[in-house]
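Colleague: Since chain A is already given, all that's left is putting chain B on it; use the hints.
Number of protein chains: 2
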Amino acid sequence: MSLENISCQKSFGGWHKRYRHSSKVLGCDMVFAVYLPPQAEQGVKLPVLYWLSGLTCTDENFMQKAGAQRLAAELGLIIVAPDTSPRGDQVPGDPDNAWDFGKGAGFYVNATQQPWAQHYRMHDYVVDELPALIEAHFPASEQRSISGHSMGGHGALVCALRNPGRYRSVSAFSPISNPMDCPWGEKALSRYLGEDRARWREWDASVLLAETPSGQCPALLVDQGDRDDFLDNQLKPHALEQAARKGGHSLTLRLQPGYDHSYFFIASFIDEHLRHHAVALGRV
Amino acid sequence: MSLENISCQKSFGGWHKRYRHSSKVLGCDMVFAVYLPPQAEQGVKLPVLYWLSGLTCTDENFMQKAGAQRLAAELGLIIVAPDTSPRGDQVPGDPDNAWDFGKGAGFYVNATQQPWAQHYRMHDYVVDELPALIEAHFPASEQRSISGHSMGGHGALVCALRNPGRYRSVSAFSPISNPMDCPWGEKALSRYLGEDRARWREWDASVLLAETPSGQCPALLVDQGDRDDFLDNQLKPHALEQAARKGGHSLTLRLQPGYDHSYFFIASFIDEHLRHHAVALGRV
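Those protein sequence lines, which keep their order, are chains A and B.
In terms of the working numbering, the first sequence opens at residue 1 and continues consecutively.
In terms of the working numbering, the second sequence opens at residue 1 and continues consecutively.
Treat the hints with caution; some may be incorrect.
Note: identical chains are not told apart, hence a pair may lie in one copy or across any two.
[Unchecked claim] Pairs of lysine to aspartate or glutamate residues, derived as EDC-like cross-links and limited to a Cα-Cα distance of at most 20 Å, are as follows:
#, residue 1, residue 2
1, Lys24, Glu135
2, Lys17, Asp226
3, Lys187, Glu272
4, Lys17, Glu41
5, Lys17, Asp229
6, Lys45, Glu211
7, Lys187, Glu211
No lab work stands behind these hints, which were simulated from the structure alone.
Chain A with its partners taken away, still in its complex shape (with noise of 0.2 Å):
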C-alpha cells in the first residue's frame, strides 16, 4: 500500500503530514493525517492515539484546532486523524447532501444496506486498515489508543468495546453515548443498517458497554460540556453510565459546566486526555 505525501508542516519540533492513499476497505482514495512529535526521528516506535472526529469534519478539523501538539510532543504520542466518511464521486448514497449523513458522517460503521455496503465501511477501515498502514509506513508500534468527538466519540468507544484488546484505553468528547436512541443515530444507524434495530445494537455504545464483561474494558474517560446544545437530544451520556454501572466498568464521566459542544471545549480538557492515554500506553 502505497501512501502519497500532500502536506508536511513542522508543529511543536514534530511534523504534522497529510497522506493521500488509495483504501482497499472504503474502495475510494482517502486522506488522514499523522502528527510524529519529535522522538519519531529517534529511531523507536512510539505508540499511537487514534482520534475520530465527528460529523461534517475531515482530518483536518482535530489538527487545526485542539491544540493536541504540544503535549503530543513531549509525551511522545503519535496522533493519527482519519477522515470521517468515504469521498469521492464515485460514492454513493449521498443523495441530499445532508450533514449529519453520508458524506462527512460515516459513523464508523460498516454499513449492510445498498447503496452503502460497498463503501461505508469505517469500522474496518478505523480498527484494522489504516492502524496497518501506519504501523507500516510510521515508527508506530501496535500500542494503540483512541479517542473521538461527537460521532468519533461514539465511533472510538465502539472501535474500543467491539475490539478487546486491541486499544490501552479510550476515551470520549461529548460522545453520541446511544445511537439507537436519539435522531442521528436512527437516522443513520436505520439506513447504513437498516430497519432491524436488533442489529443496530452491535454499533451502541451503551448496549456493548452494558454487555462487555467486567473486567475486559480499558478505563474509560468521557468530557461532556453541559451548556452543549446536543446534550440531551442526541448525546445522552447517562446512558452510557448506567451501562458502565450495569457491566460493572469503571467510567469517569465529567460534566463540564459552561462548556458547549466546540473545538474550544476539545482544547480545554485536551491535555487531561492525552495524559489519560499516555499513562495506559506506558508513556508517563
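Modeller: Only chain B this time, still in chain A's reference frame:
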C-alpha cells in the same frame, strides 16, 4: 458605543466571546473576538494583548488555531483579535476580490486615497477605537501589548512604533518587515496611500524602527520560519534586523528551522510570545 454579543464559548475556564459593533472610525459594522481568562471574573483589571491577523483572516483564525488560551488563562491575559479590514457591501474599493488587497487585507494603515480613505482606517481602529471599547466594556486595564502574524505582524510593529508608550511590548510572527520593498506591500501601499513612496515610509516597520530614538522602543520579539514560502520575496526580516542595528534597538529575531507560514508555526511558539508580553505587562 454598544456591543452586540454574537457568541460566547467557555475556554480553559474563561470565555471566548465575539461581538459586533458599529465602528465610527471605519464607518461600518465590525466583529471582534475577546478571550477573557478566568481572572476576569474576580473584580480586577487585566492587561490586554491585541492580536492582528494576516491576509484573508478574520477575528476567528487566531482564536481557533493558535492555542493561546491555555497559557493566557494561566497568566491572566485578555486577548483581543480584531478583523483585518472594514467589512460590508457599503465599503468600496474591493473591485477584484483579491485575497491580498481590500477586504481581509487592510494592512493596518489609514488610507488617504479614494475610494479607500473613508473606511480603510485600520490603524486608528486598532490603536484607538477598539481599545477604548475594550477598556469601557471589559475588566481591562490600560496596559496593552500587541502582536500579530504576517500582515498583522507588520501591523503590530507599525502600531507600536508609531505610538511610543502605548504598548508595553510588541512581538510578531513572520511579519511583512519592509512593505515598501515587497509585492504585497507595494500593491497595498500604492493604492491606500498613493504612488508617492515617501508617504509609505511612516507605515514601514523597518523605516520606523531605524528612525526610532534608541531607548524608545519596547523589546521586540520576532519569530520567522525558515521554510516559509514568503520569506525571501515578501517578509524580509533582515531589513528589520538592519534597522534595529541602525537605530540601536534590541531585537530578538529567531529563524526557526523547518517551520512554515501557518498557524502550526504560530501555535508552536505562541507560549513564548505570551510570556514575553506577560513579563512586560507585570503578570510574571
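Colleague: Hints numbered earlier in the text: which of these fail when held up against the supplied structure?
Modeller: 3, 6, 7
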